[in-house]
Each structure stands twice: as C-alpha cells, then as structure tokens.
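Asker: Numbered by the working numbering, the letters in the sequence shown go through residues 29 to 524 in order.
Source of the hints: derived by calculation from the structure; they are not laboratory data. We put the CB at the ideal spot given by N, CA and C, even for glycine. Accuracy of the hints is not assured; some may be wrong.
[To be verified] Only pairs whose alpha carbons sit at most 27 Å apart, straight line, appear in this in silico DSSO-like list of lysine-lysine:
1) K95 <-> K211
2) K254 <-> K62
3) K97 <-> K522
4) K292 <-> K211
5) K97 <-> K523
[Unchecked claim] Ranges of calculated distance between the beta carbons of each label pair, as one might list FRET restraints:
6) T306 <-> I417: 24 to 34 Å
7) N434 <-> Y263: 44 to 54 Å
8) A223 <-> W521: 42 to 52 Å
9) E150 <-> A223: 40 to 50 Å
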Amino acid sequence: MRFNFRIILHIMGLLLLCNGSFMLLAGIVSGVYKDGATMEILSAAIVTMLVGVMAMFYTRGHRKEVKKKEGYLIVTFGWLIMSISGILPYVFSGSIPSLTDAFFETISGYTTTGSSILNDIEVLPEGILLWRSLTHWIGGMGIIVLAIAILPLLGIGGMQLFSAEAPGPGGDKLHPRITDTAKRLWYIYVGYTLAETLLLWAAGMTFFDAINHALATLSTGGFSTKNASVAFYNYSPVIQYIIIVFMFLAGTNFVMSYFAFTGKIQRVLQDEEFRVYTIFTISFTLISGFIVWLQADVPVSDYHPMVWGEAESAFRHSLFQVVAIITTTGFVTADFTNWTPFLTVFFFGLMFLGGCAGSTSGGIKVMRHLLIIKNGLLEFKRSLHTNAIIPVRFNNKSVSEHIVYNIIGFFVLYMLLFIIGALVLSYLGLDFESAIGGSASSLGNVGPALGDLNPVVNFSELPDVGKLWCCFLMLLGRLELFTVLIIFVPYFWKKV
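Model the full structure from these sequences, guided by the hints.
Answerer: Shown next, in the form of structure tokens:
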C-alpha cells in the first residue's frame with residue numbers, strides 16, 4: 029500500500045487553518061481587554077494560517093481518498109502539528125518563554141488533561157488565558173471531528189479519521205453521513221458551552237471567567253483562570269453545583285444527549301453505561317462524603333452559612349471531586365490528598381475509571397470496565413459449560429468476541445503503559461507516590477495527581493525530559509493508545 033501523503037499534508041494545512049482562526053479570536057479578545065499581548069497573539073495566528081494555506085495550496089491537486097493507515101497518520105500527526113503551532117501565542121507573548129514548558133501546556137490543553145506548569149495564572153493576559161481555554165475546547169470534541177464538521181473536504185475518508193480519533197469504544201452514529209454526525213455532536217457541544225457560560229455569569233462569575241470555565245468544563249479539561257482553580261469560588265456553592273452538572277453531562281456519551289433532546293428519554297434511561305456511570309457517581313460520592321464529613325475538614329461557605337452547613341459542604345466537595353476525577357476534568361475545590369489516606373488511594377483508583385464512551389473525558393471508560401467485568405463473570409459459567417457459547421451482552425445485544433478481545437487488550441496495554449510511565453518518572457527522581465500519580469494522571473488525562481504533583485501544586489518542577497514524557501502519555505491516553513502506538517509497529521509501514 030502506498031501512502032497518499034498529499035492528502036495527509038493537505039489535512040495538516042486544514043487543521044492549521046482552523047487553529048489559526050481560533051488564535052485570531054483570542055487576539056481579538058486580547059485587543060478588547062488591551063492586555064498588551066494583542067500583536068503577539070495575532071502574529072501567531074497569521075504565521076499559523078499562512079503555513080496552513082501554503083500546505084493546502086501545495087497539495088491542491090490531491091486525491092481525495094483517506095484509507096485506514098492514512099487516517100491513523102493524520103490523527104496522530106494532526107494532534108502533534110496542532111500542539112506545536114499552539115505554542116506560538118505563549119512564546120511570542122513571553123507568557124511561557126521555554127519551548128518545553130509551552131509545549132507541555134499546549135498538549136495538556138489539547139488532550140484536555142489540565143496539568144500545568146504555570147505558577148501564577150492570574151497575571152497572564154486575558155488573550156492568553158482565553159487561548160489556553162480554547163485549546164481545551166478544540167481538543168475536547170476532537171480536532172479531526174471539528175475539521176469534518178466545519179470543512180467537509182475529506183471526500184470518502186471522513187469515517188477513517190472519525191473512528192481513529194473519536195474517544196471510547198462506542199460506535200453509535202446519529203446519521204449515515206459522518207459529516208452530519210460530527211455537526212450534530214458539535215451543535216450539542218456548543219449549546220452546552222453557551223448554556224453553562226450564561227448560568228455561571230448569572231451566578232456571579234464575570235463573563236470572561238464564565239466563558240473560560242465553560243470551555244474547560246465541557247471539554248473535561250480543567251484549566252481555570254484562577255490560581256486556586258474552582259476553590260476560588262468556595263464562597264458560592266451555586267457556581268460549583270453548576271460546574272458539577274456540566275462536568276457530569278460532558279462525561280456522558282453525547283449520543284445520549286442527542287437522544288434526550290429529541291425526546292428519546294427511554295433510550296437514555298435504558299442505556300447500561302449511563303446507568304452504571306450514574307450509580308458509580310452517586311455511590312462514590314456517598315462513600316467519600318461520609319468520610320469527609322466524619323474525619324476531614326472542608327471549607328464551609330460564608331455565603332448563607334445557615335443554609336450551607338458542614339454536612340452540605342462535605343458532600344458538595346466530595347461530589348465535585350468525584351465527578352471531576354471520573355470525568356477527568358481535573359477542577360479542584362479542595363486538596364483531596366489531605367483528607368484521609370483512604371481517600372487518597374480512593375481518588376487514585378478513580379483516575380482509572382473515566383467517563384462514558386463518546387464523551388469528552390479520558391481514562392479507560394465505563395463501558396470497557398463494564399464489559400471486562402461481565403466477561404470475567406461469564407468465565408465461571410463457561411468453566412462449568414465448556415461447550416456452551418455464552419456471549420457478553422450489552423444493552424441486550426451480543427458483543428462480538430473481537431470487541432471483547434480488543435477491550436481486554438486495551439486494558440492490559442493501558443496498565444502496562446501506566447507501570448512503564450511510573451518507572452520512567454521514578455527514574456527521573458520522583459518519589460513513589462508522585463511517580464504513580466503523575467503516570468496515572470497523564471495517561472488518563474486527569475490533571476491533578478498525588479505527592480509532589482498533588483491538586484494544589486503543578487508539574488513545573490519536573491525536569492524537561494519528564495515533561496516531554498508526560499506529554500507522550502497524554503497523547504497516548506487522549507487518542508486511545510492504539511491510534512498512536514500502531515504507527516510504531518513495523519507491519520504498519522509494509523506494503524500489502
């Protein structure tokens with residue numbers, strides 16, 4: 029098989045054009061606020077768009093056909109190209125002069141991880157803060173899905189890109205045409221973002237802070253405009269409850285949102301993954317809430333203290349942190365590593381859960397855990413009835429063995445990469461708790477970790493090699509392992 033490198037380069041140009049357009053938006057906001065970074069951000073936008081236009085012009089006679097192998101290359105290198113170009117606003121403005129630090133912040137944004145190397149976020153220009161949040165929002169639903177939705181120039185190759193990039197094992201389509209599916213997903217994504225922005229604004233946030241937190245919430249990213257993250261708003265439980273609701277929605281399969289909006293509520297309620305996701309959230313919140321209430325200290329709101337008491341505060345902070353970790357959003361209202369040793373281990377375990385397939389969250393995903401558990405339990409029956417064919421069932425439908433094997437393979441590979449990730453970080457000087465926390469957080473796109481990388485610290489003290497290693501883990505996790513790792517397999521490059 030010969031690769032169609034012209035279509036690959038053409039789509040790289042298309043993605044750069046999209047990236048530059050979002051930079052222009054950040055530049056305009058910078059000009060409105062007169063934050064001193066306007067020309068630098070606009071320069072970054074112009075450079076990015078010029079490179080994109082030149083790439084598209086050079087490959088204008090390309091053959092509009094994207095096969096599976098080319099889809100993997102486009103997605104992997106597309107994310108890298110976007111991340112490399114995304115450092116320009118930081119570097120040009122001097123907000124993050126180090127190239128390694130700027131790349132870490134950028135890829136953490138696009139992969140919706142939310143880990144940061146910035147020690148004082150609040151001194152950054154408004155245009156840079158918006159760009160930082162936009163990297164989350166672009167990466168949340170997926171750069172490739174964005175390109176398919178807005179500029180359907182991919183001919184018949186759209187499905188290859190969509191399947192290679194879309195998070196999770198779920199393959200539900202809303203419409204036979206992939207461009208229409210992508211558009212519907214983006215309409216819901218944009219609608220949720222606008223709704224949360226207005227609600228946060230009405231609840232007392234400034235409009236600028238509201239839009240930034242909405243961009244980070246719906247992408248399950250976690251970048252905040254405040255050094256204390258959402259803990260800055262501990263005086264307003266209403267703000268935190270609004271964010272909790274939208275984090276939960278962002279961690280839900282967006283197909284379920286589509287069904288709900290079209291009146292198919294029964295399909296949502298009958299979905300096994302959604303039910304388990306909801307049960308997990310409630311159960312883990314109750315466990316954490318009772319322990320926090322009985323054993324730990326949490327800040328009590330000074331906003332209507334007679335209404336918002338200790339019990340409410342304990343369960344609100346528990347609910348917030350459970351949803352933030354499960355959905356891999358990474359917002360923080362309190363340092364959960366200081367609650368109790370049990371809860372430190374408890375939240376570390378939640379880093380491996382993830383939201384629903386088809387959501388913007390990272391992690392292993394609820395569906396995979398559910399199918400692995402079901403398959404494991406069926407092994408008891410298969411041991412007793414060796415000749416019987418007993419398939420795994422999901423939503424009352426049989427799941428093919430191919431999918432089950434793929435999920436088991438994914439889980440084994442994920443855990444192996446977690447161990448390797450922790451070993452590399454420990455070799456670079458991190459203690460045990462920090463190494464396993466940093467590896468789990470980066471691979472799961474969670475954000476906050478443990479030890480020296482706990483929720484109230486950041487990744488700035490990591491050596492450059494450690495930051496780049498975490499960047500690699502973030503990309504692996506966001507693109508579901510196989511999309512990136514397959515290009516390292518020699519067979520991938522063989523002509524067949």
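Asker: Give a verdict on every hint.
Answerer: Here is what the structure says about each hint:
| no. | hint | in the structure |
| --- | --- | --- |
| 1 | K95 <-> K211 | holds, 22 Å |
| 2 | K254 <-> K62 | holds, 20 Å |
| 3 | K97 <-> K522 | holds, 11 Å |
| 4 | K292 <-> K211 | holds, 19 Å |
| 5 | K97 <-> K523 | holds, 11 Å |
| 6 | T306 <-> I417: 24 to 34 Å | holds, 32 Å |
| 7 | N434 <-> Y263: 44 to 54 Å | holds, 47 Å |
| 8 | A223 <-> W521: 42 to 52 Å | holds, 46 Å |
| 9 | E150 <-> A223: 40 to 50 Å | violated, 26 Å |
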